[in-house]
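In case you want the letters, here they are:
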Amino acid sequence: MSEHESAPIVTLTDAAKHFGPVRALDGVSLSVRPGDCLGLVGHNGAGKSTLVYLVNGGFAPSAGEIAFPGAANAAEAGVRSVFQELSLCPNLTVAENLRISNRGLTGIGWRRPARKVITESLDRIFPGHGIDPDAEVDTLPIAERQMVEIAIGFAPRGTEARLVILDEPTSSLDAGIAEQLLTHIKSFCASGGAVIFISHMLGEVFQVASRIIVLKDGRIVAERPTAEFSRQGLVEAMGHVAAEGTGQAAEAVRHTGEIVIRTEQGLTARAGEIVGLSGLAGHGQAQALAKLFLSQSSNWRAGHDPKSVFVAGDRPRDGILPLWSILKNMSISFLRQIERWGVVDRAAERAMTEEWKKRIGIRTDDVTNPVLSLSGGNQQKVLFARALASTAPVVIMDDPMRGVDVGTKQDVYAMIRDEATRGRTFLWYSTETEEVCQCDRVFVFRNGEISAELTPPNITEERILEASFHMQEAS
Amino acid sequence: MSFFSRYRILLPVISLAVLLAATFYMQPRAMSYFGLNLLFNLAVPIALATIAQMMILMVNDIDLSIGAFVSLVACVTATFLNDAPLLGLLILAALILAYAAMGAVIDALDLPAIVVTLGMSFVWGGLALFILPSPGGAAPGWLRTLMTVKPPFMPMAVVAAILIAFVTHMLIIRSGFGTVLRGVGGNARAISRAGLSVTRLKAWAYGLAGLFGVLAGMALVGLTTAADANIALRYTLLSIAGVILGGGEFTGGKVSPTGAVIGALTLTLAASFLSFLRLSPDWQIGSQGAILILVLTARLVFSRKGDAA
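Residue numbers (the working numbering), protein chains in the order written: chain A, 1 to 475; chain B, 1001 to 1309.
Since the hints were derived computationally from the structure, they do not count as laboratory data.
No residue lacks a Cβ here, since even glycine has one placed at the ideal position from N, Cα and C.
Check the hints yourself; a few may be wrong.
Stated by the list, open to error - So these bits of chain A aren't anywhere near chain B, every CB distance computed over 10 Å:
1. 27
2. 35
3. 36
4. 58
5. 61
6. 69
7. 103
8. 182
9. 219
10. 261
11. 286
12. 348
13. 420
14. 457
Said to hold, decoys possible - Some chain B residues judged to face chain A by a derived CB distance under 7 Å, without partners named:
15. 1084
16. 1088
17. 1176
18. 1179
19. 1186
20. 1187
21. 1193
22. 1194
23. 1195
24. 1234
25. 1252
26. 1253
Isolated chain A, as found in the complex:
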């Protein structure tokens, strides 16, 4: 390797970023060299996203320095980022989206090379992906959108990719596709590329990272080669003493009531039950939930008491009201309960929001701040609070834990179990097996149909995988 090759791609010296009084990042020193695969972990609001924006040139640091040796800026240095919130243009085709980030594609007939480049990149990372480069992005399921975004990140765009930042890249991918990605990351780093890998799935971080950086409250609290960390040690460094491996074995079987939900597909749920939907991502679970929810909620003669509420996984699309404050985002579900002669009781609204803020632990000083001032995980907590604060007896959750940190997850699990004992029914689609194992009953989906119904002793990762792949045996 030449000297230039082994020089760092990016160096941060005491870099800090403040937003008004908020110290999002408080003096971070870091350098990334070719061949590095950096795992970046930390709970929500620890400053991971801010660090990403500093490295990719999106923000200028408030203090300290960022240098890209041998290049003028991040783009020239070959720094790419793939974001947690999808940043594709949904109205354009897959190939056209490549054009957005690659201004090198010009002249008549630019589409042909664009198609070729994106198909090659997809083939390289996700062999057998089956994505048409001429498909409009909004016709693709969310997992395929994420695959496209990752492929664009790694694709040559005028400059070759040298450092790719992946922020929760596997959150919408099922296990098989995620494995393909991890394999690609390893080979990319082995051939002299660098990756910053941000994930809440610690297993994946251990699998790919050569070095792990733990971020807490805007500072690096630990930076060591992966081999020197244990899972438990890593979780402790992040500041959450989570019960990794102790297992959340369901407590004494809860008393569950009569059947409250029954769909044509065969999905049933009893009052007070937590029903899981599992299987590979994009096999009809989200559609089944959406259909169920719409059938229960879109009748305009139904009266004021909602039969069910929906917790969205795709926050920007289905969940957040981006222009509103945290308060208004949360209170919209219970305005009926606190109105007097059709007028909202402001004091009651405020009190109820403050109470939920405390119960669910939303990290903000003031609930009248805009909801977008929160980190992704905290926005998700707002959505949970919105759903739980309503009177609806059924809560439908469409992969709600995407990009939520370990500590928050434990809090929410406890809250869900608590609400279920009070008689609420939860329908919970999740791409993470660990979450599905929290449920009282699990339906495994395959190709849009239910391939198996599992009950407690059988809710294990093996049985779920079995049912996801072998329909005949399960039925």
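Once you've looked at the hints, dock chain B against the given chain A.
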């Protein structure tokens, strides 16, 4: 996905064909070179104004000033461009730049386009009245010749519509630059993350809208030979209806230039059709609205079916 939601252009084409067939049934004499030109020649400025509106809708904004703007251009064309061509051209160029600046300001200051353009519509209207307090002026001879040219086989109006659709399709759908512009409507954050300036792109979109607005005003004067400060006020709503009728969406950067031109033709034809029905003019605006609702309902039904399938 259903056939109709995959090929969004089909529904506008079918609407136009049905209306055209009905018109020919009512008035067989319209089925001629001369008849078609009469039916459609006023559609040319409307099609251009519709394209201008489409540029704005494409970047998730809406333009409530296009009608007043086209009127102003018409007044400038019938006076300055006729009397002092160089000065006239300079004024028109300045108007296009003003439009581009309006787009940049809307994005840079994060203002709602609906408010800014509504305000600007009074500015354009005032300027138009200032230039031409009472109806009058004269069309430049070359413009008159251009708009009354008789090409072989197809009347001018049809040739012009095809040309406008082709040029804007290449510009907006095929070219890389047009793709980026549509991307602004789809996800402006993705565009700025890719290192492009959304403000500059919006200025371009508004500038293009200004350009097509200027062309619309000139075409209109070429047809009418004189101008009036209120000549094109109804274009604002017609152009929005035309874009939507042609398969465009209010948000999300989903537009179709070919569809927009077809939408403009459909709206023009609807007016003639209603006259052939001997419907009193009092009812015509309402009936035009009814036709619009009918087509949009059809689109909704098909797209619902598409989602269910």
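Here's how the hints hold up against the structure:
1. For residue 27 of chain A, the requirement that its beta carbon stay farther than 10 Å from each beta carbon of chain B is met, with the minimum near 26 Å.
2. Non-interface call for residue 35 of chain A relative to chain B: holds, since the shortest CB-CB distance, roughly 26 Å, exceeds 10 Å.
3. Distance check for residue 36 of chain A against chain B: the nearest CB is about 23 Å away, which clears 10 Å, and the non-interface claim stands.
4. Interface exclusion of residue 58 of chain A from chain B breaks down, the closest Cβ pair being 7 Å apart, not more than 10 Å.
5. For residue 61 of chain A, the condition that its CB be more than 10 Å from all CB atoms of chain B holds, with the nearest at approximately 18 Å.
6. At the 10 Å boundary, the C-beta of residue 69 of chain A stays outside the reach of chain B, the nearest C-beta of that chain being 20 Å off.
7. Against the 10 Å criterion, residue 103 of chain A falls within the reach of chain B, whose nearest CB is about 8 Å from its own CB.
8. Annotated as non-interface, residue 182 of chain A keeps its C-beta farther than 10 Å from every C-beta of chain B; the closest such distance is 24 Å.
9. The beta carbon of residue 219 of chain A sits about 26 Å from the closest Cβ of chain B, which is more than 10 Å, so the claim that it is off the interface holds.
10. Against chain B, the non-interface label of residue 261 of chain A holds: every CB pair exceeds 10 Å, the least being about 21 Å.
11. The Cβ of residue 286 of chain A sits about 14 Å from the closest Cβ of chain B, beyond the 10 Å cut-off, so the non-interface label holds.
12. No beta-carbon of chain B is positioned within 10 Å of the beta-carbon of residue 348 of chain A; the least distance is around 32 Å.
13. For residue 420 of chain A, the shortest C-beta to C-beta distance to chain B comes to about 33 Å, beyond the 10 Å cut-off, and the non-interface label holds.
14. With a least CB separation of 39 Å from chain B, residue 457 of chain A remains clear of the 10 Å interface cut-off, as annotated.
15. Contact between residue 1084 of chain B and chain A, as hinted, is not supported at the beta carbon level, the nearest pair being about 39 Å apart and thus beyond 7 Å.
16. Of the supplied interface hints, the one on residue 1088 of chain B is violated, with its beta-carbon coming no nearer than about 34 Å to a beta-carbon of chain A, more than 7 Å.
17. With a least beta-carbon distance of about 5 Å to chain A, the hint placing residue 1176 of chain B at the interface is held under the 7 Å criterion.
18. Evaluation of the residue 1179 of chain B hint against chain A yields a held restraint, the C-beta minimum of about 5 Å falling below 7 Å.
19. With a cut of 7 Å, the hint placing residue 1186 of chain B at the interface with chain A holds, because the nearest CB-to-CB distance is about 3 Å.
20. Nearest Cβ of chain A to the Cβ of residue 1187 of chain B: about 4 Å, under the 7 Å cut. The hint holds.
21. The interface hint given for residue 1193 of chain B holds, since its Cβ lies 6 Å from the closest Cβ of chain A, which is under the 7 Å cut-off.
22. Hint on residue 1194 of chain B holds. Least Cβ distance to chain A is approximately 4 Å, under the 7 Å limit.
23. Taking 7 Å as the C-beta cut-off, the interface hint given for residue 1195 of chain B holds, the closest approach to chain A being about 6 Å.
24. Interface hint at residue 1234 of chain B: violated, since its Cβ lies 29 Å from the closest Cβ of chain A, which is beyond the 7 Å cut-off.
25. Among the interface hints, the one on residue 1252 of chain B holds; its C-beta lies about 5 Å from the nearest C-beta in chain A, closer than the 7 Å criterion.
26. Because the smallest distance between the Cβ of residue 1253 of chain B and any Cβ of chain A comes to about 4 Å, under 7 Å, the interface hint for this residue holds.
In the structure shown, a violation is registered for the earlier hints numbered 4, 7, 15, 16 and 24, in ascending order.
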